[in-house]
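Peer 1: Residues per chain are reported as follows:
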Amino acid sequence: MGLFDRLFGRKPAEPADPLLGKALDRTVEVVEPKLVVLPDWKRRLTPGVAAAIEFARAGAQQLQQVHDLSAAGWGDDPLLRAVFANAESVNRVLAQMRDLQRHFRSPNAGDEAYGLLGMTFTTRRVLGAALVGDQVRSDVERTEASFSEHRIPAVAADADALRQAVGVRIFNQLLLVATKELAKADERRTSLNVERAMLQARLRMLESREGALLDEGDDAEDPLAQRAELQRRLDEMTAAMAQYGAGAEGLDRQLDIVRDTLLSATTTIRIAPRRLRLDAMNTVLADADGGGMPVEFVCVQSPEMSRAFAAVRVRRADLPAGGLSIAAVERTL
Amino acid sequence: MATLWLTNLPDDVTDDEIAGWLEKYGFPRCDEIARVPGDGTRPGAAVRFDEVDEEVLRRLQPRIDGVFVRNKTIRAQVAPPERPDPRR
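In the order they appear, the protein sequences are chains A and B. Counting from 1, one number per residue, gives the positions in the first sequence under my numbering. Counting from 1, one number per residue, gives the positions in the second sequence under my numbering.
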């Protein structure tokens with residue numbers, strides 16, 4: 001954890017925070033190192049980076065509840081019971097988490113570690129059996145929650161350090177979103193360039209054959225109208241390309257894209273606590289129905305994905321040996 | 001998910017070193033590094049990023065391609081997306 005990580009602690013970042021400078025440096029390092037040649041890049045990027053830091057800080061601070069992750073504790077914790085099929089799958093996931101194992105291998109590691117457990121979260125509507133009044137009906141529409149692709153992408157020695165690491169991770173993800181927007185702009189500019197070159201070639205061909213086409217006198221489209229139409233499309237294309245700029249102006253546009261993407265992150269990505277009442281089959285129940293157990297986690301939703309997250313504590317003693325399954329070896333023999 | 005192919009790596013390079021180089025050049029943290037020793041003349045590695053799209057990786061790839069490390073010029077390529085197996 002460096003100075004940079006302190007930005008994602010409990011206190012919101014102050015606009016004059018010297019650590020903001022580090023966040024700005026990291027931003028251009030990831031999204032586009034050439035942005036530093038612009039004279040006032042720091043001042044122009046600050047609103048976006050400050051908004052991203054605040055977003056990451058608020059998101060990380062939602063991880064307040066810590067669950068003890070172990071095969072032995074699977075049956076006692078409603079969240080673990082909902083997200084893992086059985087106690088053995090807890091062991092399987094723990095054995096695959098290399099960051100966690102690396103953490104415990106480090107000489108300063110204690111007997112427990114804190115991790116961010118992330119899972120793909122989906123819900124689907126199914127027809128199932130339910131008691132309706134006095135009758136059991138088999139065609140009642142129900143919602144089932146499903147958790148898959150378990151990972152522990154962040155590990156730390158204590159809960160505060162974990163939240164700081166998660167804050168840094170959210171911030172880095174936002175930088176990747178900005179990089180993706182720049183990649184899209186690059187792609188669009190390249191495709192506009194190709195289209196413009198094709199239109200220019202067609203225009204040149206039309207101009208060179210204009211006389212010949214006029215002589216034909218058949219029902220071919222009026223070459224002058226065709227030429228005017230091509231010129232109109234070419235002008236449109238040139239105007240569209242001007243949006244992306246070229247050279248230093250292009251860098252200006254890229255900086256605007258980065259700042260606007262970071263500023264709009266709060267509208268495109270949603271990090272919020274989610275509470276569901278689930279029965280043993282992960283069927284979503286209404287609170288009024290009673291039964292089942294309430295389960296709480298942090299849900300991250302973006303246009304591309306929906307993932308559930310929870311802070312977990314893992315004891316060294318609960319970590320199975322990675323990479324070697326005695327049961328699997330016995331089966332093979 | 002996207003994968004970056006690195007070739008012509010130094011023989012004795014560690015996974016942590018590879019991850020460190022990539023982060024230094026603005027790449028996000030990688031999720032897995034699979035070593036591809038080949039015949040030993042140009043050792044390589046397939047670096048997997050679970051939360052990075054191919055288009056983002058293509059934008060980052062020129063930063064590491066051609067970097068000179070320990071008398072070796074590293075070559076980087078974005079691996080094409082996996083095609084579904086037609087036999088399945």
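Hints listed in this document are in silico derivations from the structure and should not be mistaken for laboratory results. In this text, all values refer to a predicted model and were calculated from it rather than measured experimentally. Just to be clear, a hint being listed does not mean it is correct.
In silico DSS-like links for lysine-lysine, alpha-carbon gap of 27 Å or less [what the hints assert, rightly or not]:
hint: 1; chain 1: B; residue 1: Lys72; chain 2: A; residue 2: Lys180
hint: 2; chain 1: A; residue 1: Lys34; chain 2: B; residue 2: Lys24
hint: 3; chain 1: B; residue 1: Lys72; chain 2: A; residue 2: Lys42
hint: 4; chain 1: A; residue 1: Lys34; chain 2: A; residue 2: Lys22
hint: 5; chain 1: A; residue 1: Lys42; chain 2: A; residue 2: Lys22
hint: 6; chain 1: A; residue 1: Lys180; chain 2: A; residue 2: Lys22
hint: 7; chain 1: B; residue 1: Lys72; chain 2: A; residue 2: Lys22
hint: 8; chain 1: B; residue 1: Lys24; chain 2: B; residue 2: Lys72
hint: 9; chain 1: A; residue 1: Lys184; chain 2: A; residue 2: Lys34
hint: 10; chain 1: B; residue 1: Lys24; chain 2: A; residue 2: Lys42
hint: 11; chain 1: A; residue 1: Lys180; chain 2: A; residue 2: Lys42
hint: 12; chain 1: B; residue 1: Lys72; chain 2: A; residue 2: Lys184
hint: 13; chain 1: A; residue 1: Lys180; chain 2: A; residue 2: Lys34
hint: 14; chain 1: A; residue 1: Lys184; chain 2: A; residue 2: Lys42
Peer 1: Each of the hints needs a verdict: does it hold here or not?
Peer 2: To see whether the hints hold, each was checked on the structure:
no.	hint	verdict
1	B:Lys72 <-> A:Lys180	violated, 30 Å
2	A:Lys34 <-> B:Lys24	holds, 15 Å
3	B:Lys72 <-> A:Lys42	violated, 36 Å
4	A:Lys34 <-> A:Lys22	holds, 17 Å
5	A:Lys42 <-> A:Lys22	holds, 11 Å
6	A:Lys180 <-> A:Lys22	holds, 22 Å
7	B:Lys72 <-> A:Lys22	violated, 31 Å
8	B:Lys24 <-> B:Lys72	holds, 18 Å
9	A:Lys184 <-> A:Lys34	holds, 18 Å
10	B:Lys24 <-> A:Lys42	holds, 20 Å
11	A:Lys180 <-> A:Lys42	holds, 21 Å
12	B:Lys72 <-> A:Lys184	violated, 33 Å
13	A:Lys180 <-> A:Lys34	holds, 16 Å
14	A:Lys184 <-> A:Lys42	holds, 23 Å
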